[in-house]
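Colleague: Chains as they are written, first to last, in the numbering used here: chain A, 1 to 185; chain B, 1 to 169; chain C, 1 to 397.
Read the hints as simulated data drawn from the structure, not as lab findings. Glycine included, every Cβ here is placed at the ideal spot set by N, Cα and C. Careful: at least some of the hints might be erroneous.
[What the hints assert, rightly or not] Straight-line distance between alpha carbons at most 16 Å, and here's what the computed EDC-like set of lysine to aspartate or glutamate pairs gives:
| no. | chain 1 | residue 1 | chain 2 | residue 2 |
| --- | --- | --- | --- | --- |
| 1 | A | K145 | C | E55 |
| 2 | A | K124 | A | E4 |
| 3 | C | K238 | A | E83 |
| 4 | A | K145 | C | E15 |
| 5 | A | K145 | C | D60 |
| 6 | C | K374 | C | E15 |
| 7 | C | K139 | B | D52 |
| 8 | A | K124 | A | E83 |
| 9 | A | K145 | C | D348 |
[Stated by the list, open to error] Which bits of chain C does chain A cover? Going by a derived footprint, with three or more residues having C-beta under 8 Å, they are:
| no. | region |
| --- | --- |
| 10 | 48-59 |
| 11 | 146-159 |
| 12 | 167-178 |
| 13 | 234-242 |
| 14 | 284-298 |
[What the hints assert, rightly or not] Partial selection, computed: residues in chain C whose CB lies under 8 Å from chain B:
| no. | residue |
| --- | --- |
| 15 | I16 |
| 16 | S21 |
| 17 | P23 |
| 18 | G37 |
| 19 | K139 |
| 20 | S265 |
| 21 | M268 |
| 22 | E272 |
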Amino acid sequence: MSKEHLDKIVAQFPEAVVETHSLCGDHTALVRRDKWLEVMSFVRDELGLDHFIDLTAVDYLGREQGKDRFEVVVHLRSSQSGERLRLKARVPENNPAIDTLCGLWQGANWFERECHEMYGIKFKGHPDLRPLLLYPEFKGYPLRKDYPIDRRQPRVALLAPETGRSPRPGDETPHGHDPGFKADK
Amino acid sequence: MGLETKLKSVPWLATKAEFFINWARKYSLFQYPFVTACCGMEFMSAACSHYDIARFGAEFPRFTPRQADFLLVVGTISHKQAPILRTVYEQMCAPKWVVAFGACASTGGFYDNYATVQGCDKVIPVDVYIPGCPPRPEMVLDGLMKLMDKIQGEKLDEHEVSPKYRMLP
Amino acid sequence: MPVDSVKDLYSEHLEIMLGPSHPAMHGTIQMKVHFDGETIAWVDVEPGYLHRGFEKECEDHRWNQVVPYTDRLNYVSPIINNVGFVMAVEKLCGLEVPPRGQFLRLILSEMSRISDHLTCVAAQVMELGAFSAFLYLIKARELYYELLESVTGARVTTSWTRVGGARCDLPDDFVSQTQKAIPETRRILKEIHGLFDHNRIFLDRMVGVGVISQADAISFGITGPFLRSTGVAYDVRKADPYLVYDQFEFEVPTGRNGDNMDRYSVRMAELEQSLRIIEQAISRIPEGPISVNDPRYTPPDKTAVYTTIEGLIHQFKMVYEGIHPPAGESYAAVEGANGELGFYVVSDGGEKPVKCRCRAPCFPIVAALGGMLKGHMLADIIPTFGSVNMIGGEMDR
Chain A
1 MSKEHLDKIV
11 AQFPEAVVET
21 HSLCGDHTAL
31 VRRDKWLEVM
41 SFVRDELGLD
51 HFIDLTAVDY
61 LGREQGKDRF
71 EVVVHLRSSQ
81 SGERLRLKAR
91 VPENNPAIDT
101 LCGLWQGANW
111 FERECHEMYG
121 IKFKGHPDLR
131 PLLLYPEFKG
141 YPLRKDYPID
151 RRQPRVALLA
161 PETGRSPRPG
171 DETPHGHDPG
181 FKADK
Chain B
1 MGLETKLKSV
11 PWLATKAEFF
21 INWARKYSLF
31 QYPFVTACCG
41 MEFMSAACSH
51 YDIARFGAEF
61 PRFTPRQADF
71 LLVVGTISHK
81 QAPILRTVYE
91 QMCAPKWVVA
101 FGACASTGGF
111 YDNYATVQGC
121 DKVIPVDVYI
131 PGCPPRPEMV
141 LDGLMKLMDK
151 IQGEKLDEHE
161 VSPKYRMLP
Chain C
1 MPVDSVKDLY
11 SEHLEIMLGP
21 SHPAMHGTIQ
31 MKVHFDGETI
41 AWVDVEPGYL
51 HRGFEKECED
61 HRWNQVVPYT
71 DRLNYVSPII
81 NNVGFVMAVE
91 KLCGLEVPPR
101 GQFLRLILSE
111 MSRISDHLTC
121 VAAQVMELGA
131 FSAFLYLIKA
141 RELYYELLES
151 VTGARVTTSW
161 TRVGGARCDL
171 PDDFVSQTQK
181 AIPETRRILK
191 EIHGLFDHNR
201 IFLDRMVGVG
211 VISQADAISF
221 GITGPFLRST
231 GVAYDVRKAD
241 PYLVYDQFEF
251 EVPTGRNGDN
261 MDRYSVRMAE
271 LEQSLRIIEQ
281 AISRIPEGPI
291 SVNDPRYTPP
301 DKTAVYTTIE
311 GLIHQFKMVY
321 EGIHPPAGES
331 YAAVEGANGE
341 LGFYVVSDGG
351 EKPVKCRCRA
361 PCFPIVAALG
371 GMLKGHMLAD
381 IIPTFGSVNM
391 IGGEMDR
């Protein structure tokens with residue numbers, strides 16, 4: 001895989017690209033989120049990366065000060081040349097919003113819906129940001145690092161209480177041995 | 001319930017009737033395979049010609065709960081799926097039996113998190129639990145035979161007075 | 001005044017819920033279908049009934065403990081998921097698996113792919129009414145389950161790979177059993193071809209149904225047999241060769257129209273190609289270790305554990321602390337049975353992943369399903385959905 005795509009993006013948008021790297025052979029560019037749509041349009045139309053592979057987000061809770069909490073990560077590929085590229089944009093916690101890519105790739109629709117319900121990142125301009133994998137009564141964003149893994153939100157009244165995970169070294173509170181009915185609403 | 005429960009007043013007839021009715025019920029189970037996940041693969045293997053569940057009379061799946069008497073909960077039940085499982089169970093007529101097929105249906109398996117119900121017995125009452133992730137087809141047939149033994153040993157009015165038919169919350 | 005009786009009749013769409021518990025829904029997915037008579041006006045597909053929190057569980061387990069969770073993604077071809085995940089981590093660590101390990105991963109991946117395609121075709125034809133063909137294909141699949149069980153110990157959820165290698169080597173009779181299984185599979189496939197390829201009813205239900213264009217497929221991010229049926233010859237094994245696929249001769253079958261019949265033909269042709277690859281591979285498996293010889297990632301040999309103190313300490317540290325890949329991120333793609341199965345892993349140098357994302361190949365395909373079904377009739381949903389090969393574990397994760 002050659003680096004020319006990265007070089008072209010840096011040449012076209014010198015102020016929008018924060019950093020680039022090619023760790024493990026994956027060419028990656030971190031762009032500013034206010035230029036997200038422009039860079040993506042350039043990448044699809046000029047560089048020919050039309051095959052939409054993946055869109056996800058990563059939660060870097062506890063990262064050093066000054067860096068935003070979330071990072072939206074998109075993987076693309078060119079159907080003609082087979083070149084791959086990864087583009088990222090940082091999204092802060094206090095205003096987790098970024099432009100939608102639904103206008104450029106139809107596949108982005110469902111990927112963004114999933115990202116929204118798991119991390120709480122809003123995609124501005126998305127036609128239909130309903131929950132996809134979770135149910136409407138679910139409150140919270142489960143893939144955020146501060147959402148406890150065993151907080152249950154049952155949808156029907158259960159016949160018996162569900163116990164939590166067995167205690168792990170490093171857990172602050174004991175789990176699982178108090179069979180009180182955990183009905184977190 | 002059915003006419004058979006009226007036979008309690010004639011004990012010698014009741015025991016004979018019990019034997020034949022239970023024998024008929026256990027060898028003609030119409031299953032409703034509520035398949036969700038990976039255990040479905042072993043269910044398919046158990047139902048097909050190599051392991052052959054048809055030998056036990058439980059071959060033909062009735063894909064509507066109205067015509068089925070044996071709910072086979074195959075695979076993980078998520079919280080999103082739980083109301084559907086309860087609705088399907090309530091749509092079935094008595095007598096009905098439930099088998100939890102696999103570790104996820106029995107206790108939630110190793111998915112102990114926000115999305116998974118820790119066992120389908122938190123949602124509906126269960127008769128037999130088949131462990132395994134997924135259980136081998138031989139284990140499935142063993143579980144089915146245990147269910148058949150349970151059915152054979154039932155009393156005539158078991159399905160009328162059984163606590164599992166209390167109204168589910 | 002003459003009244004146009006049809007135009008003035010009140011009519012409304014009928015909404016039917018197909019699923020989530022439905023025999024043809026291959027697991028659980030709900031389709032809210034709105035009908036205008038018998039024709040579909042629009043479909044709202046709702047997944048998520050098998051969402052089991054894969055990513056959250058991965059963030060709470062050590063790197064090698066993630067491997068059983070990956071089995072249950074595409075549970076019909078579990079080895080391919082195992083291989084994909086450990087390849088992403090090995091890319092991050094900079095590990096090179098020895099040749100024997102790569103050959104074994106390749107052979108077992110192809111067997112998994114065969115069992116996936118057999119299951120997909122079996123379920124699809126069963127739903128169209130051909131129950132006997134389902135039994136024949138599942139009988140063929142049993143051959144591969146027994147072979148996988150002889151190597152990994154499990155039929156379905158194998159959990160066989162580890163970062164840097166695999167759990168165990170082949171048994172002695174594996175090559176001879178495989179050489180018996182391949183002609184048996186070809187015999188069964190020949191019967192299936194005879195039953196369906198020129199079957200009028202089958203062709204009527206499959207040709208021209210569920211058509212998707214090349215441009216739409218690429219824009220949705222569709223890969224695999226679905227994309228190949230539209231004519232795009234993209235296969236990760238040829239485009240970005242991994243393991244030792246570049247040493248083998250095989251073709252990438254493509255279709256023309258992007259309809260259900262093309263997808264069926266592509267899958268049947270891929271079965272033959274996978275058999276070719278396995279035949280070539282089992283005749284030349286190299287000798288040697290199957291895991292990389294790096295004490296940071298591979299546990300020691302059991303004889304060393306029981307006889308030397310260094311081996312014991314090494315084993316203790318590996319089990320208790322696990323592995324620590326260096327900080328960074330990597331993406332590795334393998335050719336799953338449905339398309340490009342990608343794993344994006346992020347590490348901060350710790351014992352657990354920061355993020356382990358599975359890029360499921362059937363996720364964009366099901367996203368495109370709603371558009372594909374518009375204008376078709378109710379009975380066309382079944383073969384189209386069967387050709388999508390939606391695996392709930394992979395789609396909902």
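Colleague: Indicate, hint by hint, whether the structure satisfies it.
Modeller: Outcome of the hint check:
1. A hinted pair counts as satisfied when its Cα atoms are at most 16 Å apart, and K145 (chain A) with E55 (chain C) qualifies at roughly 11 Å.
2. This hinted pair does not check out: K124 (chain A) and E4 (chain A) have alpha carbons roughly 30 Å apart, beyond 16 Å.
3. A threshold of 16 Å between alpha carbons decides the hint, and for K238 (chain C) with E83 (chain A) the separation of about 13 Å falls inside it, so the pair holds.
4. Between K145 (chain A) and E15 (chain C), the direct Cα distance comes to roughly 39 Å. Violation of the 16 Å bound is thereby established for this hinted pair.
5. With a C-alpha separation of about 10 Å, the suggested pairing of K145 (chain A) with D60 (chain C) holds against the 16 Å cut-off.
6. For the hint linking K374 (chain C) to E15 (chain C), the alpha-carbon distance of about 14 Å falls within 16 Å, and the restraint holds.
7. Taking the CA atoms of K139 (chain C) and D52 (chain B), the gap is about 11 Å. The hint holds against a cut of 16 Å.
8. Between K124 (chain A) and E83 (chain A) the CA atoms are separated by roughly 28 Å; this puts the pair beyond 16 Å, and the hint is violated.
9. Taking the CA atoms of K145 (chain A) and D348 (chain C), the gap is about 14 Å. The hint holds against a cut of 16 Å.
10. Only residues whose C-beta sits within less than 8 Å of a C-beta in chain A count toward coverage, and the region 48-59 of chain C has 7 of them, enough to reach three; the restraint holds.
11. With 0 residues bearing a CB less than 8 Å from a CB of chain A, the region 146-159 of chain C misses the requirement of three and the coverage assertion fails.
12. Restraint check on the region 167-178 of chain C versus chain A: 0 residues with Cβ-Cβ distances below 8 Å, three needed, restraint violated.
13. Counting residues of the region 234-242 of chain C whose CB falls under 8 Å from any CB of chain A gives 3; the rule of at least 3 is met.
14. Proximity of the region 284-298 of chain C to chain A, defined as three or more residues with a beta carbon under 8 Å from a beta carbon of that chain, is not established by the 0 residues found.
15. Proximity of I16 (chain C) to chain B is violated relative to the hint, the smallest CB-CB distance being about 14 Å (cut-off 8 Å).
16. Annotation: interface hint on S21 (chain C) holds; nearest CB of chain B at approximately 6 Å, less than 8 Å.
17. Hint on P23 (chain C) holds. Least Cβ distance to chain B is approximately 4 Å, under the 8 Å limit.
18. Below 8 Å, beta-carbon pairs count as interface contacts, and G37 (chain C) has none with chain B, the closest being about 24 Å; its hint is therefore violated.
19. The beta carbon of K139 (chain C) comes within 6 Å of a beta carbon in chain B, closer than 8 Å, and the hint placing it at the interface holds.
20. The restraint placing S265 (chain C) at the interface with chain B is violated, with a minimum CB-CB distance near 23 Å, outside the 8 Å limit.
21. A least Cβ separation of about 19 Å between M268 (chain C) and chain B goes past the 8 Å threshold, and the interface hint is therefore violated.
22. Hint status for E272 (chain C) relative to chain B: violated, with the closest Cβ pair at about 23 Å, above 8 Å.
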